[in-house]
Each structure stands twice: as structure tokens, then as C-alpha cells.
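*Asks:* What follows is each chain in one-letter form.
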Amino acid sequence: MRLCAIFLACLACVALTASAHAGDPPGHSAGAKKSGYLFASPATREMQDDDFNNPAFLWVEKGEALWSRAEGAAGKSCASCHNDAKSSMRGVGASYPKVDAKSGKLLDLEQRINLCRTDHMQATALAWESEGLLGLTTYVKLQSRGMPVNVQIDGPAKAYWEKGKAFYYARRGQLGLACANCHEDNEGHMLRADLLSQGQSNGFPTYRLEWQSLGSLQKRFQGCNSQVRAEPYPLGSEEYLALELFVASRGQGLPIETPSVRK
Amino acid sequence: MAEDVRPRLKIPASAKKGEVIEIKTLVSHQMESGQRKDKDGKVIPRKIINKFVCTMNGKEVFRADLEPAIASNPFISFFLKAEESGTLAFAWTDDDGSVYRAEQKITVT
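Going down the list, the protein sequences come from chains Z and A. Residue 213 in the numbering used here is what sits at position 213 of the first sequence, and the numbering runs on without skipping anything. In the numbering used here, each number is its position in the second sequence, counted from 1, plus 263.
Please keep in mind that the hints were generated in silico from the structure rather than gathered at the bench. Worth double-checking, as some hints may not be accurate.
Pairs of lysine-lysine, DSBU-like flavour, derived with a Cα cap of 30 Å [claimed, not checked]: (1) A:K302 with Z:K263; (2) Z:K263 with A:K310; (3) A:K287 with Z:K86; (4) A:K368 with Z:K86; (5) Z:K86 with Z:K33; (6) Z:K98 with Z:K33; (7) A:K314 with Z:K263.
Remember, it's a predicted structure, so these values are computed and weren't measured experimentally.
Please model the complete structure; the sequences and the hints are all you need to start from.
*Replies:* Now the structure itself:
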């Protein structure tokens, strides 16, 4: 009986340490879900905390300028239809990836922006990881900063979500690791010199110090995949798109931090 | 962020005489170190901002030499004692000789 009590006390202790770190700042977690911010070093956090120090805002400025620049045969800009992004785009970024009602296909924010460009503006699509597309995506998602991640995973999105989930738990590459092996099984543990995070996507596009640049979530997926020595999928592929949805759903409720700064 | 270099400044619009103010600057630049090689094995030529100068009403108040180990989009911040109203001018000098400039007025009371 006494042994049992000791065991229970130990268990409670473990549960307590697992649920929250005492020194965590507020606004970066939702229950047991924790933003990558909480795994970042104090110096990196400081860069993110001040919009001036955050180099991602160089891209935001670019995106803001593009928002009202008319391009393409229709002579329209984003602002021609959506007016002021500060009000019209509020909350939009938090709900992507999303199934497009017209085509029934899953789209992420980058693809949504490019679809607007080709369909409504009759302009050329912007290339993945180009300054323009990253800038616009970040500018749009910034308008949802602080709002909870809120993606739809039922109805038409269900099949995509299932596909993304299967990808997340499938072992791949020469190292035979699934996303979950690092970001669920070993979250909070060290992988050599790196502290493994939960792999949440609420801060993307993110300025990575390693890249010395802003980058999309899909670019990060490619990095993860090549780290387990798997052949990365191309940017914009269906596999990564479905994975984007599943990863977003894991962080349902986490506040949007775009543009975040990570190591 | 290479093609169009854009400086950003964060300076208080006004300050009391004798007050120590923080000047923050950020400039978009790729800071190519000259140590890297491209896919064909050719060295990518060095292209960095090698000099940063801040002047107050034409008088130099801060200067820094930048080296290839500095990361892209260099962020430089420093402190200044506010003595007189005027214009703070900033200049970043590139390896290719081009100079990127920005300035901002400050009122000292």
C-alpha cells in the first residue's frame, strides 16, 4: 500500500513536469501543445519579440507593398478586391490549409495567393520561396497573429487530413524515422545539440537563422526529410500539402506567431 | 533579400538633452562571404556591406567595419547621447561601391 502511494506520488510528479515548465511565458501554449517559441533560446526569442529586431519584417514590408501593386492583364492588385488587409485578412491565415470550395482541392496560403493571382489578376504565379510569395504569405498571416490556429479537418478536408496523418506516422529515409519519432516521442529531448520541439507550424513562414532567410513550412519539411536521408518531395506537392494540414491540426488552438524566428 | 537593399531605422522621434537613446538599424543584404562555392565548384564572389557610418548633422558619431563572418541582414544597434536637434544620417557601403542611405530627424529639448 505504501509502495503504491509512493508510486502514485512519483507519477503525479512526472505529470506535473510534463504539463508545463514553470518559467514559460504566457501566450505560446495551448494546454500540452507548445509553440516552437518555448524551445528557442532566450536570444532567439528576443529577436522574435521585437518586430524591429525580427529580420522577417523585411519580407513583411515587401508583402505589404505587393498587396496594393496592380499586376497582370486584369489590372488588379490584392487590394482591389480585399481592400485593407488589416481588416479583411484578419483570421484568414489561421484557417489554412483549406479546401477550395470551387475546385474541391486542398490549398495552402501560398497556393491560395497564387490562385488569386492567376484567376483574378491574370498575373503570373509567384515562385515558391520567392521574396514576393513569402512576403505576401507572411503579410497575410501576420494579420492573424495572436489568433488560434483553426483549420477544418472534417467534411471535404477529411481525406487530406488522413493522408497527412499517414505521412506523419510513416517511417522514411535511410534512418527510418517518422515525423512522430522526433516531434512526439522525443519532444523536449536533445538530438545532439538540438532541442527537439513539437514541430508546430503556428509560426510559419519563419525566419531561420540557419537559412539566414525567411522560409515556408514546406521548405522546412524538405529539410526534415533530407535529415532522415529521405528524398524530399517537391515544394507544393500533394504529400506536403496534406502534411501541412495535419501538422496545423496538431497545433489547433495555438496562437499564430507569424513571422517567428527560429534557430 | 539582395536585389533591393532596404534599410530600416528605429529611433525615438524626440529626446531630452543629455538623454541616452538607443539607435537600432537593420538592412537587408545577403552578405555573401566569398567562402562559398556554387554547384559547379566556382567560388561565389564576396559581396558584403563592409562599412557602416552614422552622422549627426554631418558629424560622425558612430562607425563600424563589417567582416565576412557577419550574417545576412545585419542588425546594428548602439547608444547615443542626445545633445542637439537635427538629422541622423546612416550610410552602408557595399563591396561594389554602392552606398545605401537613410536618415531621420530627431528633436532634442
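*Asks:* None of the hints should be skipped; say for each whether it holds.
*Replies:* Against the structure, the hints:
Between K302 of chain A and K263 of chain Z the CA atoms are separated by roughly 25 Å; this keeps the pair inside 30 Å, and the hint holds. Only pairs whose Cα atoms come within 30 Å are accepted, and K263 of chain Z paired with K310 of chain A is accepted, the gap being roughly 24 Å. Taken as a hint, the K287 of chain A and K86 of chain Z pair is honoured in the structure, with Cα atoms around 26 Å apart against an allowance of 30 Å. In summary, the hint linking K368 of chain A to K86 of chain Z is supported, as the alpha carbons are separated by about 28 Å, within the 30 Å threshold.
As the CA atoms of K86 of chain Z and K33 of chain Z are separated by approximately 28 Å, the hinted pair is consistent with the 30 Å bound. For the hint pairing K98 of chain Z with K33 of chain Z, the CA-to-CA distance comes to about 22 Å; that is within 30 Å, so the pair holds. Taking the CA atoms of K314 of chain A and K263 of chain Z, the gap is near 27 Å; set against the 30 Å cutoff, the hint holds.
Comparing the model with each earlier hint shows no violations; every hint is respected.
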